[in-house]
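Chemist: Put chain B with the ligands on the given structure of chain A with help from the hints.
Chains as they are written, first to last, in my numbering: chain A, 115 to 351; chain B, 7 to 378.
Read the hints as simulated data drawn from the structure, not as lab findings.
In this text the structure is predicted, and so the values were computed from the model without any measurement.
Each residue gets a CB set at the ideal place from its N, CA and C atoms; glycine is no exception.
Please note that a few of the clues may not be correct.
What the hints assert, rightly or not - Between beta-carbon pairs, the in silico distance windows are:
(1) A:205 / B:339: 21 to 31 Å
(2) A:279 / B:155: 55 to 65 Å
(3) B:322 / A:205: 51 to 61 Å
(4) B:149 / A:121: 55 to 65 Å
(5) A:205 / B:332: 47 to 57 Å
As the list claims (entries may be wrong) - Going by beta-carbon spacing under 7 Å, a handful of chain B positions derived as facing chain A:
(6) 233
(7) 240
(8) 246
(9) 247
(10) 248
(11) 249
(12) 250
(13) 251
(14) 347
(15) 350
(16) 353
(17) 354
(18) 358
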Amino acid sequence: MALLDIENLSVSYGSIRALRGISLKVEPGEIVTLIGGNGAGKSTTLRTISGLLSPQEGQILFEGKPIASKSPHAIAANRLIHVPEGRGIFANLTVEENLRLGAYCRKDTHEIRQDYEHALELFPRVKERLWQLAGTLSGGEQQMVAIARALLARPKLLMLDEPSLGLAPQIVQLIFQVIRKINAGGTTILLVEQNANLALQVAHRAYVLEVGKIEMSGPAAELANSDDIRKAYLGGH
Amino acid sequence: MSASDVLIEPTSHGVNILKSAAPILVGIALAVGIQFLLPSTVGPYYSRLVIDAGIAMILAVSLNIVNGMTGQFSIGHAGFMTIGAYTAGSITFYSSLLIWGTAAKHGSFLGSGEWMFVIACLCGGITASIAGFVVGLPSLRLRGDYLAIVTLGFGEILRVLLQQTGKVVDNAEIVRNAPLTTFATVPVGGAIGFDGIPKYTTLFWVYAFLAITVIFAYRLKRSSFGRAMLSVREDEIAAQAMGINTSRQKLLAFITAAFFAGVGGGLLAHESGVIISPKDAGFQRSFDYVIMTVLGGRGSITGVMLAAILLSGLPEVLRDFERYRIIIYAALLIFMMLSRPQGLFGIHEIWDFFPRSWKTLPWKKSPREEAQ
Ligand SMILES: Nc1ncnc2c1ncn2[C@@H]1O[C@H](COP(=O)(O)OP(=O)(O)OP(=O)(O)O)[C@@H](O)[C@H]1O
Ligand SMILES: [Mg+2]
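Extracted from the complex, chain A is given alone in its bound form (with noise of 0.2 Å):
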């Protein structure tokens, strides 16, 4: 069984039709990716699954269980994590603070210690940071904290919006290092990118999304290869 199966999902701002019947799955244990132009709806896909919007048409199952029509906190509290567009980071709070909220709803303690060593360890500009507050931190150590916070829920499936964000190359890499040492770890990942060229290199698997519909989804190492996807997305070489 799919770990996140999406089913025919329409999503609508006010008249504006960001989805139009999409369909996607994520198996345990893969990195999916996907991947599109501005304005093409992955940001929306996100919000839909973590319930942030409601959609017109279609459904989601997680772990089988339909999620729909559940409200954000409840689907997070389903360890199904994600990490927004722009970090979202509380930006006065400290980045230790941050992390805690993280396992806002897990009460297994020695469990929860164990995530907050291993998210350390992953981010060592983290650790040296514990008790800064986040607003501070640089977009590239915001977004360690970000991804970290979300590592602190056990997260079954993490979902990722654009973690490439205005961040500098080797900045860039670091996390995508991370996030392949994360899905290592047996974490499902959904991961929105525009750089294509960067998310079909850690991915298993990738959706190609143009307003709101998808056109073309296959392994990664494949829609690398393909000629339109060159084209349109890695630069045409």
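Modeler: The following block gives chain B with the ligands in isolation, referenced to the frame of chain A:
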């Protein structure tokens, strides 16, 4: 010890105010000290100012839970206070009439009258928190200016309703013989205010309740539950993504803030020289408390307390300029917003400004230092 050792004690979602009774005992000891030392040293005039400052601090610290910590904008806090004041005042006034035949003060320090007064204040807190629930409901849908207008409207509606109430009945016989017809008029004084409430409020009770309020607010801020409120202020969407029920968090902020405001109102109603009246529910008083929280800093408990002391003392300093009070407040606020928009202490507490060596005992490292 590594950094990770300092994180994460069990995440209990409640606020364990009794985690250690020590701070409360210290607070109560301080209140006893103030009660027995202050009046004899500074005299009744200044004692009264200290009582006023104490009540103002209770109101400001509680409003800070909604406006500072949870990031909602309520300008109806005086409404909750007034509900508490009228509830507590009617309880002591009419119970005293029924029990002792007179509404005068009964018993001395910690006597039966004072305990009735304490219970009345707590009841005031409870009725206020019910109102807090009702007024908090719109906060689930509205934000910013719209919520401010709803809370403002609440205070004004309450003011008008209280003006329609009946005359105070201070005759024990009438109340005893015809309780139903008496209470049907809601005999709390109408527009002229509720006169005759026994004057039980002392420095001790004000500062004991203040200690509890402050310790509660502080524990709240450091608890997982309070952190969830802070996260609602910071970024509602991200808070939801962490599994936080932001609606519940906002409602509970309104309910707890209103509770302490109601208790503060009970104290005000029983303060000598004070006659509570419908206009206490109105915009002006609410505005005073909002200024205190803005001036003190978003979520800074100590900052808000300092601002409450300064602003409740200000009218006395400016006694001869009473008419210009609002203008002076407004000018002060504009000056503050231009020079220090984050408030006196910003998001910090007063001890964040002390040198680190003051805060930790020499033989004990702070977790922060150990982590670094
Ligand atoms: N709050 C909103 N109100 C109205 N329309 C919106 C809103 N948010 C997004 N849209 C529209 O929905 C469409 C999809 O937006 P979405 O944010 O999902 O795109 P995206 O693929 O994430 O783009 P980007 O890569 O630029 O982040 C766009 O046409 C956008 O204008
Ligand atoms: Mg987007």
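Chemist: If a hint holds in the structure, say so; if it does not, say that too.
Modeler: Comparing the hints with the structure gives:
1. A:205 / B:339: 21 to 31 Å: The hinted range 21 to 31 Å holds for residue 205 of chain A and residue 339 of chain B, with Cβ atoms some 24 Å apart.
2. A:279 / B:155: 55 to 65 Å: Roughly 36 Å apart at Cβ, these two residues miss the hinted range, so it is violated.
3. B:322 / A:205: 51 to 61 Å: About 39 Å separates the Cβ atoms of residue 322 of chain B and residue 205 of chain A, which means 51 to 61 Å is violated.
4. B:149 / A:121: 55 to 65 Å: 34 Å, violated
5. A:205 / B:332: 47 to 57 Å: With Cβ atoms ~34 Å apart, the hint is violated.
6. 233: 6 Å, holds
7. 240: At about 4 Å, which falls below the 7 Å cut-off, the nearest Cβ of chain A leaves the hint on residue 240 of chain B intact, so it holds.
8. 246: With a minimum Cβ separation of about 4 Å from chain A (threshold 7 Å), the hint on residue 246 of chain B holds.
9. 247: With a closest approach of 5 Å, the residue 247 of chain B hint holds.
10. 248: Holds: closest Cβ of chain A sits about 5 Å from residue 248 of chain B, inside 7 Å.
11. 249: 4 Å, holds
12. 250: 6 Å, holds
13. 251: 5 Å, holds
14. 347: 14 Å, violated
15. 350: 16 Å, violated
16. 353: Check passed: Cβ of residue 353 of chain B comes within 5 Å of chain A, closer than 7 Å.
17. 354: 10 Å, violated
18. 358: 11 Å, violated
Going down the numbered hints, you'll see the structure goes against 2, 3, 4, 5, 14, 15, 17 and 18, while the others check out.
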